[in-house]
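Q: Let the hints inform the model, and build the full structure from the sequences given.
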Amino acid sequence: MILCCGEALIDMLPRTTTEGEAAFAPYVGGAVFNTAIALGRLGAPAGFFSGLSSDLFGGQFREALGASKVSS
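In the working numbering, each number is its position in the sequence shown, counted from 1, plus 941.
Just so you know, these hints were derived from the structure itself, not from any lab.
Keep in mind that a hint or two might mislead.
Claimed, not checked - So the derived label-pair ranges between C-beta atoms look like this:
{"no.": "1", "residue 1": "L997", "residue 2": "C946", "range": "19 to 25 Å"}
{"no.": "2", "residue 1": "A972", "residue 2": "S994", "range": "16 to 22 Å"}
{"no.": "3", "residue 1": "R982", "residue 2": "I951", "range": "19 to 25 Å"}
{"no.": "4", "residue 1": "P955", "residue 2": "F990", "range": "18 to 24 Å"}
{"no.": "5", "residue 1": "G999", "residue 2": "R956", "range": "18 to 24 Å"}
{"no.": "6", "residue 1": "F965", "residue 2": "G999", "range": "16 to 22 Å"}
{"no.": "7", "residue 1": "E962", "residue 2": "S994", "range": "23 to 29 Å"}
{"no.": "8", "residue 1": "F998", "residue 2": "E962", "range": "18 to 24 Å"}
{"no.": "9", "residue 1": "A972", "residue 2": "G999", "range": "17 to 23 Å"}
{"no.": "10", "residue 1": "P986", "residue 2": "T958", "range": "36 to 42 Å"}
{"no.": "11", "residue 1": "D996", "residue 2": "I943", "range": "23 to 29 Å"}
{"no.": "12", "residue 1": "I943", "residue 2": "A964", "range": "23 to 29 Å"}
All C-beta atoms in this analysis are idealised placements derived from N, C-alpha and C, irrespective of residue type, glycine included.
A: Below, the structure written as structure tokens:
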């Protein structure tokens, strides 16, 4: 297993709502997090070691890791 240790970050990217208003949307990211996701998607046994919050953002990280078959 390739264990990736580092940060998981939320990128707030500008978007437009369905009503045409400016807004920001959260996307999971971070260099080490993205590396773990890429390894998992390529079929390599990968793990991600970092602190993840128990709020909505932490849930987004866990969902992305699970979808890419990365252990956390």
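Q: For each hint, tell me whether it holds in the structure or not.
A: Going through the hints against the structure:
{"no.": "1", "hint": "L997 - C946: 19 to 25 Å", "result": "holds, 24 Å"}
{"no.": "2", "hint": "A972 - S994: 16 to 22 Å", "result": "holds, 19 Å"}
{"no.": "3", "hint": "R982 - I951: 19 to 25 Å", "result": "holds, 20 Å"}
{"no.": "4", "hint": "P955 - F990: 18 to 24 Å", "result": "violated, 31 Å"}
{"no.": "5", "hint": "G999 - R956: 18 to 24 Å", "result": "holds, 22 Å"}
{"no.": "6", "hint": "F965 - G999: 16 to 22 Å", "result": "holds, 18 Å"}
{"no.": "7", "hint": "E962 - S994: 23 to 29 Å", "result": "holds, 28 Å"}
{"no.": "8", "hint": "F998 - E962: 18 to 24 Å", "result": "holds, 22 Å"}
{"no.": "9", "hint": "A972 - G999: 17 to 23 Å", "result": "holds, 19 Å"}
{"no.": "10", "hint": "P986 - T958: 36 to 42 Å", "result": "holds, 40 Å"}
{"no.": "11", "hint": "D996 - I943: 23 to 29 Å", "result": "holds, 28 Å"}
{"no.": "12", "hint": "I943 - A964: 23 to 29 Å", "result": "violated, 36 Å"}
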